[in-house]
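Chains as they are written, first to last, in this note's numbering: chain G, 1 to 124; chain X, 1001 to 1124.
Some clues are possibly wrong.
Not everything, but these chain G residues come out facing chain X in the computed CB check (under 7 angstroms) [as the list claims (entries may be wrong)]:
#1 Val16
#2 Leu20
#3 Gly21
#4 Thr24
#5 Glu72
#6 Arg73
#7 Ile86
#8 Pro105
#9 Glu108
#10 Arg113
#11 Arg114
Selected chain X positions facing chain G (Cβ under 7 angstroms, derived; list incomplete) [claimed, not checked]:
#12 Ser1015
#13 Phe1066
#14 Val1068
#15 Val1069
#16 Glu1072
#17 Gly1089
#18 Ala1096
#19 Ile1098
#20 Arg1114
#21 Leu1115
#22 Leu1116
#23 Arg1119
#24 Leu1120
Derived Cβ-Cβ restraints for the label pairs, each shown as a range [stated by the list, open to error]:
#25 Gly52(G) x Arg1019(X): 44 to 54 angstroms
#26 Asp101(G) x Gly1052(X): 16 to 26 angstroms
#27 Ala1058(X) x Thr47(G): 38 to 48 angstroms
#28 Arg55(G) x Arg1009(X): 25 to 35 angstroms
#29 Ala31(G) x Phe1066(X): 38 to 48 angstroms
#30 Arg1113(X) x Thr47(G): 24 to 34 angstroms
#31 Arg1119(X) x Arg55(G): 40 to 50 angstroms
#32 Ser1040(X) x Arg61(G): 16 to 26 angstroms
#33 Arg61(G) x Arg1009(X): 33 to 43 angstroms
#34 Arg1114(X) x Arg61(G): 52 to 62 angstroms
#35 Arg61(G) x Phe1066(X): 55 to 65 angstroms
#36 Glu34(G) x Gln1046(X): 35 to 45 angstroms
The set of hints was computed from the structure by calculation and includes no laboratory data. Note that the structure is a prediction, hence the values are computed from the model and not measured. In this text, a Cβ means the ideal position worked out from N, Cα and C, and glycines have one as well.
2 protein chains.
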Amino acid sequence: MSEIYFPPRELEVMSVLWRLGSATVAEVREALREDLAYTSVLSALQTLEDKGYVRHEAEGRAYRYFPVVEAERAGGSALARIRDAIFQGSAERMFAQIVSDRGLPREELERMRRLLAERLGEKP
Amino acid sequence: MSEIYFPPRELEVMSVLWRLGSATVAEVREALREDLAYTSVLSALQTLEDKGYVRHEAEGRAYRYFPVVEAERAGGSALARIRDAIFQGSAERMFAQIVSDRGLPREELERMRRLLAERLGEKP
DNA sequence: CCTCGTCTACGGGTTCTTCAGTAGAATAAA
DNA sequence: TTTATTCTACTGAAGAACCCGTAGACGAGG
């Protein structure tokens, strides 16, 4: 139930962790577009750890950081917030906005259709 | 191209403006769940105006505030950010998360299907 | 010894959020 | 009319969160 929210920089750091599965400070730093000081990245990770969104284990002299919340859960929370605040609760409007993207490959659209068909075909 | 981003409280205020079309400070304050001091709401609106997201017109002694950015545009920006950061660029994964909501009415799912069919049926 | 990479400790600057205090103008009351 | 109340906006300011970094300690490896 607890709301999950990440300010911009922390979201970028989480994104790296979700993508890589886990990472050291140096690895996160490497993966970020902007190059920040080592300690800046470390600070973000420590803040995230305070909030309970990541944890770390010692690995040699360094720490390896792991995401504690799953991307799907964070995504669900973020999407619900957007749906309610921006699309006034309409998942349909939100969906319309997503598929309006011209760059969306046809294949992906078709997988969405399949997914939707399965979802609609569930037990009555 | 410019990135649109709203911190939590400002997003709530924008949400009210999108829902009502326009509103005075008192109306926004009324619409918010938490009850904040009048000046707190005013401050948020002034900040949003500084950023260029809302404008105001005089209406009697009060100001009436209007959103300058459309909900769809703000939504597109927010969704792209979530898609890239949380779902690693996959609109499909994001969509899967959306339709996993058990509370989604069947009718809405079917309208999504229709929408998708139209989108897929576009001439090549 | 010196360097490199790491963590800790700490601080400064900006943004976000909230509100008290103040003042002006319209309205109501005396 | 004069006074009081009410509604409005503006200002300043405080505290928290966010963002970024310097300085220092510490150990491993050259």
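Hints and how they fare:
1. Val16: violated, 9 angstroms
2. Leu20: Hint on Leu20(G): violated, closest Cβ of chain X at ~11 angstroms, above 7 angstroms.
3. Gly21: Violated, because the Cβ-Cβ distance from Gly21(G) to chain X comes to roughly 12 angstroms (cut-off 7 angstroms).
4. Thr24: violated, 20 angstroms
5. Glu72: holds, 6 angstroms
6. Arg73: It is violated, given that the least Cβ distance between Arg73(G) and chain X is near 9 angstroms, above 7 angstroms.
7. Ile86: holds, 4 angstroms
8. Pro105: Constraint on Pro105(G) not satisfied, violated at 9 angstroms.
9. Glu108: holds, 5 angstroms
10. Arg113: With Cβ-Cβ at 5 angstroms, under 7 angstroms, it holds.
11. Arg114: Nearest chain X Cβ about 10 angstroms off; hint violated.
12. Ser1015: Nearest chain G Cβ about 4 angstroms off; hint holds.
13. Phe1066: violated, 16 angstroms
14. Val1068: violated, 15 angstroms
15. Val1069: violated, 10 angstroms
16. Glu1072: Hint holds; Glu1072(X) Cβ to chain G Cβ min 6 angstroms, cut 7 angstroms.
17. Gly1089: violated, 10 angstroms
18. Ala1096: holds, 6 angstroms
19. Ile1098: Status holds, d = 6 angstroms.
20. Arg1114: violated, 10 angstroms
21. Leu1115: The hint holds - Leu1115(X) has a Cβ within 7 angstroms of chain G, the shortest such distance being about 6 angstroms.
22. Leu1116: Holds - the Cβ of Leu1116(X) comes within 7 angstroms of chain G, reaching about 5 angstroms at its closest.
23. Arg1119: OK, holds: Arg1119(X) within 7 angstroms of chain G, min 5 angstroms.
24. Leu1120: holds, 6 angstroms
25. Gly52(G) x Arg1019(X): 44 to 54 angstroms: Since Gly52(G) and Arg1019(X) have Cβ atoms about 33 angstroms apart, the given range 44 to 54 angstroms is violated.
26. Asp101(G) x Gly1052(X): 16 to 26 angstroms: Distance hint for Asp101(G), Gly1052(X) holds at roughly 25 angstroms.
27. Ala1058(X) x Thr47(G): 38 to 48 angstroms: holds, 43 angstroms
28. Arg55(G) x Arg1009(X): 25 to 35 angstroms: Between Arg55(G) and Arg1009(X), where Cβ atoms are some 29 angstroms apart, the hint holds.
29. Ala31(G) x Phe1066(X): 38 to 48 angstroms: With Cβ atoms ~41 angstroms apart, the hint holds.
30. Arg1113(X) x Thr47(G): 24 to 34 angstroms: violated, 42 angstroms
31. Arg1119(X) x Arg55(G): 40 to 50 angstroms: Once the Cβ atoms are compared, 42 angstroms apart, the range 40 to 50 angstroms for Arg55(G) and Arg1119(X) holds.
32. Ser1040(X) x Arg61(G): 16 to 26 angstroms: violated, 47 angstroms
33. Arg61(G) x Arg1009(X): 33 to 43 angstroms: holds, 42 angstroms
34. Arg1114(X) x Arg61(G): 52 to 62 angstroms: Roughly 58 angstroms apart at Cβ, these two residues keep to the hinted range, so it holds.
35. Arg61(G) x Phe1066(X): 55 to 65 angstroms: Once the Cβ atoms are compared, 56 angstroms apart, the range 55 to 65 angstroms for Phe1066(X) and Arg61(G) holds.
36. Glu34(G) x Gln1046(X): 35 to 45 angstroms: violated, 30 angstroms
Comparing the model with each earlier hint shows violations of hints 1, 2, 3, 4, 6, 8, 11, 13, 14, 15, 17, 20, 25, 30, 32 and 36; every other hint is respected.
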